[in-house]
Amino acid sequence: QKEVEQDPGPLSVPEGAIVSLNCTYSNSAFQYFMWYRQYSRKGPELLMYTYSSGNKEDGRFTAQVDKSSKYISLFIRDSQPSDSATYLCAMILYSSASKIIFGSGTRLSIRP
Amino acid sequence: NAGVTQTPKFRVLKTGQSMTLLCAQDMNHEYMYWYRQDPGMGLRLIHYSVGEGTTAKGEVPDGYNVSRLKKQNFLLGLESAAPSQTSVYFCASIQSPERQETQYFGPGTRLLVL
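Going line by line, the protein sequences match chains A and B.
Residues in the first sequence are numbered from 1 upward in steps of one, following my numbering.
Residues in the second sequence are numbered from 1 upward in steps of one, following my numbering.
Each hint should be verified, as a subset may be incorrect.
[Claimed, not checked] Once the Cα atoms are required to be at most 30 Å apart in a straight line, the calculated DSS-like pairs of lysine-lysine come out as:
id	chain 1	residue 1	chain 2	residue 2
1	A	2	B	57
2	B	57	A	42
3	A	67	B	70
If you're looking for bench data, these hints aren't it; they were derived computationally from the structure.
Since we're looking at a predicted model, the values are computed, not measured.
Let the sequences and hints guide you as you build the complete structure.
Laid out in structure tokens, this is it:
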């Protein structure tokens, strides 16, 4: 079993829709939770990070962490074609010299 | 401030050949990482460094070596390339794990081993 599970998609939604991306994890020692966006043939870029349960909002993006269920989500409101990319979740085992474990990524396409 | 740069951008190797990938960062970051990304596998950590002169193995270190002689540079070496090492390689740097907002990835190196 992978430490971090993420549905690879692809996920296709119409412009303006609310998008929900999710990851589950097995190790309760994870302390930091991140979401990255990766455009085709580019490196990942950090979108959001959090280290506590609850919600964190940044513009159209909301990151949600539920440590009791070992489940994290990224919501995108008013989705735009420019949001079309692969989204990767990632988590850190702080005690392991900052080793970051990535999900496999969900490919998202926003239809105009 | 160029961020994180990687050299080369693309390379084709024959089985058994060697090469070195260079990662450079100008942000004075302590931590540097080498990942490989394969379809359906996400990013997997090859080696990492928590400071100049230090290196450590990640999840998939076999067939690779690294060096961090200067704080700004992290080199990834393939001594004898194999087709299984065909992948996209990403370098990343971060000031410290507590400062996730400082993390940056390079643009990647696409490697094809024939």
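So, going through the hints one by one against the coordinates:
1. Taking the CA atoms of residue 2 of chain A and residue 57 of chain B, the gap is about 19 Å. The hint holds against a cut of 30 Å.
2. Annotation: proposed proximity of residue 57 of chain B to residue 42 of chain A holds, straight-line Cα distance about 25 Å (limit 30 Å).
3. Annotation: proposed proximity of residue 67 of chain A to residue 70 of chain B is violated, straight-line Cα distance about 39 Å (limit 30 Å).
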